[in-house]
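S.K.: The residues making up each chain are set out below.
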Amino acid sequence: MSGLALFGYLIDLLAVLLLALGLKGLSKVRSARSANGLAALAMGLAVVGLLIQLAPSPVAWLWIAVGTAGGGLLGLITARRVPMTSMPETVALFNGCGGMASLLVAIAVALYNSAESDMVALVSIVISVFVGSITFSGSIVAMGKLQGWIDTPGWTQSQVRHGVNIAIAVAALVGAFALPGDPAGSSLWLLVVASSLLGIGVTLPIGGADMPVVISLLNSYSGVAAAAAGFVVGSQLLIVAGAMVGAAGLILTQVMCDGMNRSLVSVLFGGALGGSAPVGGGGDEAGYSRIVSCSPEECAMALESAERVVFVPGYGLAVAQAQHALRELAKMLEANGSEVSYAIHPVAGRMPGHMNVLLAEADVPYEQLLEMDTINPEFPRTDVVIVLGANDVVNPDAKNDPNSPLYGMPVLEVDGARQVFVVKRSMGAGYAGIKNALFELPQTAMVFGDAKAVLQGLCSELRSQGVGKGA
Amino acid sequence: MSSLNEALWVLLLGSLLGLELIGKVPPTLHTPLMSGANAISGITVLASLTLIAQAQGNPGMLILGAVSLGFALFNVIGGFLVTDRMLAMFSRKKSGARR
Numbered sequence: 001m002s003g004l005a006l007f008g009y010l011i012d013l014l015a016v017l018l019l020a021l022g023l024k025g026l027s028k029v030r031s032a033r034s035a036n037g038l039a040a041l042a043m044g045l046a047v048v049g050l051l052i053q054l055a056p057s058p059v060a061w062l063w064i065a066v067g068t069a070g071g072g073l074l075g076l077i078t079a080r081r082v083p084m085t086s087m088p089e090t091v092a093l094f095n096g097c098g099g100m101a102s103l104l105v106a107i108a109v110a111l112y113n114s115a116e117s118d119m120v121a122l123v124s125i126v127i128s129v130f131v132g133s134i135t136f137s138g139s140i141v142a143m144g145k146l147q148g149w150i151d152t153p154g155w156t157q158s159q160v161r162h163g164v165n166i167a168i169a170v171a172a173l174v175g176a177f178a179l180p181g182d183p184a185g186s187s188l189w190l191l192v193v194a195s196s197l198l199g200i201g202v203t204l205p206i207g208g209a210d211m212p213v214v215i216s217l218l219n220s221y222s223g224v225a226a227a228a229a230g231f232v233v234g235s236q237l238l239i240v241a242g243a244m245v246g247a248a249g250l251i252l253t254q255v256m257c258d259g260m261n262r263s264l265v266s267v268l269f270g271g272a273l274g275g276s277a278p279v280g281g282g283g284d285e286a287g288y289s290r291i292v293s294c295s296p297e298e299c300a301m302a303l304e305s306a307e308r309v310v311f312v313p314g315y316g317l318a319v320a321q322a323q324h325a326l327r328e329l330a331k332m333l334e335a336n337g338s339e340v341s342y343a344i345h346p347v348a349g350r351m352p353g354h355m356n357v358l359l360a361e362a363d364v365p366y367e368q369l370l371e372m373d374t375i376n377p378e379f380p381r382t383d384v385v386i387v388l389g390a391n392d393v394v395n396p397d398a399k400n401d402p403n404s405p406l407y408g409m410p411v412l413e414v415d416g417a418r419q420v421f422v423v424k425r426s427m428g429a430g431y432a433g434i435k436n437a438l439f440e441l442p443q444t445a446m447v448f449g450d451a452k453a454v455l456q457g458l459c460s461e462l463r464s465q466g467v468g469k470g471a
Numbered sequence: 472m473s474s475l476n477e478a479l480w481v482l483l484l485g486s487l488l489g490l491e492l493i494g495k496v497p498p499t500l501h502t503p504l505m506s507g508a509n510a511i512s513g514i515t516v517l518a519s520l521t522l523i524a525q526a527q528g529n530p531g532m533l534i535l536g537a538v539s540l541g542f543a544l545f546n547v548i549g550g551f552l553v554t555d556r557m558l559a560m561f562s563r564k565k566s567g568a569r570r
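Heads up: the protein sequence lines correspond to chains A and B, in order.
Residue 300 in the working numbering sits at position 300 of the first sequence, and the numbers go up by one each step.
Count along the second sequence from 1, then add 471; that gives the number in the working numbering.
FYI, nobody ran anything at the bench for these hints, they're computed from the structure.
The C-beta atom is built at its ideal place from N, Cα and C for all residues, glycine as well.
Any given hint might turn out to be false.
Within a straight-line C-alpha distance of at most 30 Å, the following computed DSS-like cross-link-like pairs (lysine-lysine) qualify [what the hints assert, rightly or not]:
| no. | chain 1 | residue 1 | chain 2 | residue 2 |
| --- | --- | --- | --- | --- |
| 1 | A | 435 | A | 399 |
| 2 | A | 399 | B | 495 |
| 3 | B | 495 | A | 24 |
| 4 | B | 495 | A | 28 |
Cβ-to-Cβ under 7 Å is the rule here; a few derived chain A residues that face chain B [to be verified]:
| no. | residue |
| --- | --- |
| 5 | 64 |
| 6 | 71 |
| 7 | 97 |
Take the sequences, apply the hints, and build the full model.
M.R.: Right under this line is the structure:
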């Protein structure tokens with residue numbers, strides 16, 4: 001018996017070591033993939049070790065098989081099927097389910113096993129229910145917003161929301177304090193409902209641009225929920241792994257906030273930037289005085305004679321699924337003797353690294369993807385910059401206009417280039433909902449249209465002029 | 472008593488470890504890292520398994536345990552696979568570039 005316990009102990013220690021190494025390795029490009037495998041291995045090891053120690057009865061095995069088949073298959077299918085463009089939503093969905101799992105464990109223990117629970121376990125149940133509910137409902141709202149299923153209701157932008165959220169929080173607090181006295185009673189359900197509503201109430205007002213930060217924060221919460229569940233069932237491995245993810249998630253959240261020059265507090269409580277502007281409606285054209293629009297033909301002519309071309313991809317590229325068309329255009333330009341690179345803003349798209357993932361899918365060579373600090377000094381010697389569905393990350397106001405809400409955010413200094421084409425569906429504002437001074441500069445021309453359609457148009461235009469035939 | 476003491480130390484040291492592990496992360500890896508860390512947070516599978524194994528035939532606990540196991544495994548398996556899919560694209564690109 002003690003031999004078995006010792007064996008389980010060693011497996012747990014090994015699993016913690018591998019998890020830590022995995023997490024560490026995931027933050028370096030070269031080791032990331034093997035590190036991910038290492039973490040998965042650690043997880044498998046932990047599960048096997050636990051099963052050996054628990055020695056479940058045949059009935060228990062049956063239920064384990066049911067749960068494994070259901071969740072495992074769905075996970076497998078989802079991971080295979082989901083397109084690369086909707087990665088952020090997918091992470092949010094997975095994360096919400098992790099929170100839900102911790103929540104259900106805590107509910108089960110509260111309902112059926114609370115007689116044996118001491119104060120520590122009861123407090124852990126409260127924390128697990130609270131954090132698990134927020135993680136679940138918050139992640140689902142975040143996913144819905146990224147998918148475009150959920151809008152930002154008007155009242156969530158007014159001060160009313162703070163009152164509503166405080167009221168919900170008070171209700172949750174009442175449930176939290178009442179729960180230890182009556183674990184299986186109504187206080188449990190009050191806590192579940194109020195915490196879920198709080199997750200919705202806090203996430204709903206946050207604009208799409210800040211969603212990555214929210215998902216990262218919720219990811220950190222699901223770590224906390226797992227650690228709390230570890231206290232509930234008395235598993236040290238769960239506590240250490242949950243705490244690790246919770247802390248690492250917090251750091252990652254901070255890193256992302258720094259990239260956008262936003263503080264976490266303003267993300268969480270500031271509401272959507274410029275959220276009062278109509279969403280997606282293409283709204284404030286009147287705000288612009290000097291806009292030059294041009295056809296793909298004119299743009300193609302400029303590209304044909306350009307020696308150095310830089311593409312600036314943004315969320316518009318992801319929405320239009322235009323990465324392959326972009327790669328095709330880039331190949332033609334390279335065959336024509338142009339030097340092509342891609343400027344990647346750290347928060348371009350809906351999630352940091354979003355653009356890298358997308359362009360990698362289209363076989364864009366890794367070394368052509370240049371990060372902001374590398375590419376910024378290069379813009380003055382660039383002939384043509386093509387901005388594809390990016391907006392706020394190229395707004396020169398961020399460095400020139402102290403009154404701009406973006407002021408101080410590091411941006412791609414494309415205004416230094418000789419000629420800038422902005423491919424955009426309409427004059428609508430970006431996520432930040434503010435005017436972009438770039439569009440009014442004399443060297444800028446707008447090419448209106450869906451990124452994919454425009455890129456394909458450019459390709460066929462260049463082809464008809466015989467460009468890139470020698471490839 | 473001493474088990475709580477131990478558990479709190481584990482919590483503290485685990486948190487410190489997490490803070491130290493992630494220092495500088497290239498922006499390229501933000502999404503995969505988030506996704507990978509997210510998969511690790513599905514470690515709640517252990518709690519679900521414990522719940523099922525210790526249910527002693529209580530149907531409510533068995534059902535809740537199995538459902539939570541499903542949710543947690545969805546998170547773990549989906550999370551690791553999706554992370555691998557993202558990272559596979561980077562590594563392919565790098566080796567392709569060296570050719």
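S.K.: A separate judgement is required for each hint: does it hold in the structure or not?
M.R.: The hints, checked one at a time:
Note on residue 435 of chain A and residue 399 of chain A: the hinted pairing holds, with a Cα-Cα distance of about 14 Å set against a maximum of 30 Å. Using a Cα cut-off of 30 Å, the hinted pair residue 399 of chain A and residue 495 of chain B holds, with the two alpha carbons roughly 25 Å apart. The hinted pair formed by residue 495 of chain B and residue 24 of chain A meets the criterion: a straight-line CA distance of about 10 Å does not exceed 30 Å. Among the hinted pairs, residue 495 of chain B with residue 28 of chain A is consistent with the structure: their alpha-carbon atoms are about 9 Å apart, no more than 30 Å.
With a cut of 7 Å, the hint placing residue 64 of chain A at the interface with chain B holds, because the nearest CB-to-CB distance is about 6 Å. For the restraint placing residue 71 of chain A at the interface with chain B, the shortest Cβ-Cβ distance is roughly 3 Å, inside the 7 Å limit, so the hint holds. A least Cβ separation of about 4 Å between residue 97 of chain A and chain B falls short of the 7 Å threshold, and the interface hint therefore holds.
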